[in-house]
Amino acid sequence: MNQLKVYNSYSRQKEVFKSITPGHIGMYVCGPTVSGESHLGHARPYVTFDVIYRYLMHLGYKVRYVRNITDAGHFEEEGREAVDKISTKAILEKLEPMELVQKYTNLFHWAMEQFNTLPPTIEPTATGHIVEQIGMIEQLIEAGYAYVAKGSVYFDVKKYAASHDYGKLSGRVMEDLQETVRELEGQEEKRDTADFALWKNAAPEHIMRWQSPWGVGFPGWHIECSAMATKYLGAQFDIHGGGMDLLFPHHESEIAQSTICNHISPVRYWIHNNMITINGKKMGKSYNNVIKLTELFIGDHPMLEKAFHPMVVRFFILQTQYRSTLDFSNDALLAAEKGLKRLWEAHEKLGVMSYELGDAETGIRDEELESRITKLISEFDDFMNDDFNTAKVLANLFELVPVINSMKDKTIPVSALSKETFELLQKQMKLYVEDILGLKSVNEADHSKLKGVMDLLIDIRKEAKSKKDFATSDKIRNKLTQLGINLKDEKDGDMSWTIE
RNA sequence: GGUCCUGUGGCCGAGUGGCUAGGCUCAGCUCUGCAAAAGCUGCUACAGCGGUUCGAAUCCGCUCGGGACCUCCA
Numbered sequence: 001m002n003q004l005k006v007y008n009s010y011s012r013q014k015e016v017f018k019s020i021t022p023g024h025i026g027m028y029v030c031g032p033t034v035s036g037e038s039h040l041g042h043a044r045p046y047v048t049f050d051v052i053y054r055y056l057m058h059l060g061y062k063v064r065y066v067r068n069i070t071d072a073g074h075f076e077e078e079g080r081e082a083v084d085k086i087s088t089k090a091i092l093e094k095l096e097p098m099e100l101v102q103k104y105t106n107l108f109h110w111a112m113e114q115f116n117t118l119p120p121t122i123e124p125t126a127t128g129h130i131v132e133q134i135g136m137i138e139q140l141i142e143a144g145y146a147y148v149a150k151g152s153v154y155f156d157v158k159k160y161a162a163s164h165d166y167g168k169l170s171g172r173v174m175e176d177l178q179e180t181v182r183e184l185e186g187q188e189e190k191r192d193t194a195d196f197a198l199w200k201n202a203a204p205e206h207i208m209r210w211q212s213p214w215g216v217g218f219p220g221w222h223i224e225c226s227a228m229a230t231k232y233l234g235a236q237f238d239i240h241g242g243g244m245d246l247l248f249p250h251h252e253s254e255i256a257q258s259t260i261c262n263h264i265s266p267v268r269y270w271i272h273n274n275m276i277t278i279n280g281k282k283m284g285k286s287y288n289n290v291i292k293l294t295e296l297f298i299g300d301h302p303m304l305e306k307a308f309h310p311m312v313v314r315f316f317i318l319q320t321q322y323r324s325t326l327d328f329s330n331d332a333l334l335a336a337e338k339g340l341k342r343l344w345e346a347h348e349k350l351g352v353m354s355y356e357l358g359d360a361e362t363g364i365r366d367e368e369l370e371s372r373i374t375k376l377i378s379e380f381d382d383f384m385n386d387d388f389n390t391a392k393v394l395a396n397l398f399e400l401v402p403v404i405n406s407m408k409d410k411t412i413p414v415s416a417l418s419k420e421t422f423e424l425l426q427k428q429m430k431l432y433v434e435d436i437l438g439l440k441s442v443n444e445a446d447h448s449k450l451k452g453v454m455d456l457l458i459d460i461r462k463e464a465k466s467k468k469d470f471a472t473s474d475k476i477r478n479k480l481t482q483l484g485i486n487l488k489d490e491k492d493g494d495m496s497w498t499i500e
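Residue 299 in this note's numbering sits at position 299 of the first sequence, with consecutive numbering throughout.
Don't read these hints as lab results, they were simulated from the structure.
Quick caveat: nothing in here was measured; it's all calculated off a predicted structure.
Take the hints with a grain of salt, since some may be wrong.
DSBU-like, lysine-lysine: derived pairs with alpha carbons at most 30 Å apart [unchecked claim]:
#1 Lys-419 to Lys-449
#2 Lys-410 to Lys-349
#3 Lys-338 to Lys-462
#4 Lys-430 to Lys-341
#5 Lys-440 to Lys-349
#6 Lys-488 to Lys-408
#7 Lys-465 to Lys-440
#8 Lys-449 to Lys-375
#9 Lys-440 to Lys-468
#10 Lys-479 to Lys-306
#11 Lys-430 to Lys-338
#12 Lys-18 to Lys-349
#13 Lys-62 to Lys-14
#14 Lys-338 to Lys-392
Please work from the sequences and hints to get the whole structure.
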């Protein structure tokens with residue numbers, strides 16, 4: 001089997017993956033800011049890294065997966081108004097900040113469950129790690145890379161850049177940075193425009209506030225990830241993930257802070273997912289073009305013709321390699337919905353099939369088909385090892401679909417395959433569809449009682465059909481269709497049904 | 001303005017210099033009491049112009065278009 005290769009944003013090339021501690025992987029992924037509702041764009045990193053997490057475990061690693069909750073406020077616009085965005089909304093909605101944070105945290109967890117993402121092994125909150133953040137800032141001051149100004153603390157980027165390559169991750173040059181940083185009020189506190197805040201002095205109206213050695217204030221945005229990653233994953237860990245838009249300044253600053261405190265570059269492999277676009281433009285709050293997850297799930301949005309199941313969204317995301325942009329549209333989701341249905345139904349059919357050599361012939365092995373199937377299956381791992389190419393995995397899965405359907409319809413006898421190949425097919429299909437890609441049925445309803453009723457109706461309809469009483473048989477099927485249950489006649493005279 | 005990415009058939013998208021990814025749509029056929037599903041077949045694309053090469057969607061240059069980051073952002 002070939003080795004896992006991942007595209008490292010830091011080196012801008014695919015590298016062979018090797019974990020620091022054999023058998024173990026530490027992975028940190030930037031989590032949500034729970035000051036508002038998650039939208040479709042947020043779904044991408046969480047689904048992407050969920051599949052990565054699942055695949056790494058499949059490879060046999062023990063993974064510590066840390067994903068933070070940013071529940072301590074950051075300034076809406078730095079310097080302009082020293083008002084934390086969480087507290088602003090809290091006033092508007094007449095809520096306690098922590099109540100608001102709790103509400104959106106719960107909503108986020110609910111959405112993640114809908115997407116069938118596995119929970120991270122540690123989900124630390126920024127508010128729960130103020131002490132660690134303050135400790136880290138003190139270290140930075142002591143080391144001479146941070147300075148205090150009017151109750152705030154800033155990181156001295158220029159000093160850092162003199163001896164480290166600040167800007168390497170995001171491809172930025174110090175001189176450009178100093179020129180291009182736009183004019184902001186309150187910049188005079190900083191020694192240099194490129195410096196970033198570690199701790200901000202809190203204005204009186206700022207609700208989220210903590211006592212610190214520099215007065216009452218709140219932590220800067222970048223320090224929480226450095227502090228929590230260090231605490232749970234150590235000075236250097238394997239993977240750090242997040243959206244591409246976090247490359248600068250967030251991750252660049254994280255590297256700087258952690259490098260000074262821990263005397264080592266914090267991350268071995270930086271993995272960044274690309275954006276979801278809408279009409280070619282990034283979906284984001286600044287563009288005012290977001291589709292919230294709740295809107296997506298209930299179909300309440302001008303761009304949506306109907307509601308889409310979370311699994312459709314998950315499938316939609318996985319059809320694209322994570323480093324490419326993914327363009328959202330109603331049509332694209334409709335296509336994903338149909339595709340997923342076909343894939344899932346084939347997967348279910350295969351699951352209940354068994355390798356029975358028909359009464360007919362057993363020696364009609366189809367060598368060509370067999371080797372094609374073996375090849376398609378063996379490529380799953382190859383594709384995942386090549387920077388987690390779920391798009392290619394899905395393509396292969398779809399190539400298997402007609403084969404499975406044909407076996408079900410008996411146009412291809414099971415005996416065309418050896419027992420080993422057939423069972424391998426069953427095993428790998430289940431492994432990939434369910435365990436690694438993390439797909440599940442879009443009908444989560446409990447069918448146990450309904451199944452009994454359906455069996456009865458099918459029985460009656462079969463009887464009617466055998467008597468050529470098509471009026472009755474059509475009535476049963478048509479009424480069920482009206483109820484949203486599709487009944488279909490199978491080739492072997494059996495009937496099956498699906499819920500819309 | 002700076003840095004970087006990108007342009008694939010009706011739509012979404014994969015793509016290692018040579019071997020028509022895949023999904024959806026559309027058309028035809030097969031199966032079928034009808035329907036649905038399924039199966040088979042067809043629609044053979046790589047923004048434009050040059051260059052490198054025996055050979056380029058893939059490498060290089062230019063032109064045109066789209067986008068990201070530089071500010072909170074997944």
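Exercise for the section: Sort out whether Lys-349 lies within 30 Å of Lys-410, counting only the CA atoms. Expected result: 13 Å, holds
Practice task
Measure nothing beyond the straight line between the CA atoms of Lys-440 and Lys-349; if it is 30 Å or shorter, mark the hint as holding.
Solution key: Roughly 14 Å between the alpha carbons, so the hint for Lys-440 and Lys-349 holds.
Exercise for the section: Below or equal to 30 Å on CA atoms is what counts here, so check Lys-488 against Lys-408. Expected result: 14 Å, holds
Problem - Hinted pair Lys-430 and Lys-338, Cα distance within 30 Å - result: 20 Å, holds
Exercise for the section: Measure nothing beyond the straight line between the CA atoms of Lys-440 and Lys-468; if it is 30 Å or shorter, mark the hint as holding. Expected result: 38 Å, violated
Practice task
Sort out whether Lys-440 lies within 30 Å of Lys-465, counting only the CA atoms.
Solution key: 34 Å, violated
Exercise for the section: For the pair supplied as a hint, Lys-449 and Lys-375, confirm whether the alpha-carbon distance does not exceed 30 Å. Expected result: This hinted pair is violated, its Cα atoms lying about 41 Å apart.
Practice task
Assess, step by step, whether the Cα of Lys-338 is no farther than 30 Å from the Cα of Lys-462, and give holds or violated.
Solution key: 29 Å, holds
Handout entry: Proposed proximity, Lys-306 with Lys-479 (alpha carbon, max 30 Å)
Key = 23 Å, holds
Handout entry: Given hint Lys-349 paired with Lys-18 - CA-CA distance at most 30 Å
Key = With Cα atoms ~38 Å apart, Lys-18 and Lys-349 exceed 30 Å; violated.
Problem - 30 Å Cα cutoff - pair Lys-62, Lys-14 - result: 23 Å, holds
Exercise for the section: Could you grab the alpha-carbon distance between Lys-430 and Lys-341 and see if it respects the 30 Å cut-off? Expected result: Given that 30 Å is the threshold and the Cα spacing comes to 15 Å, the pair holds.
Going through the hint list in order, the structure does not satisfy hints 1, 7, 8, 9, 12.
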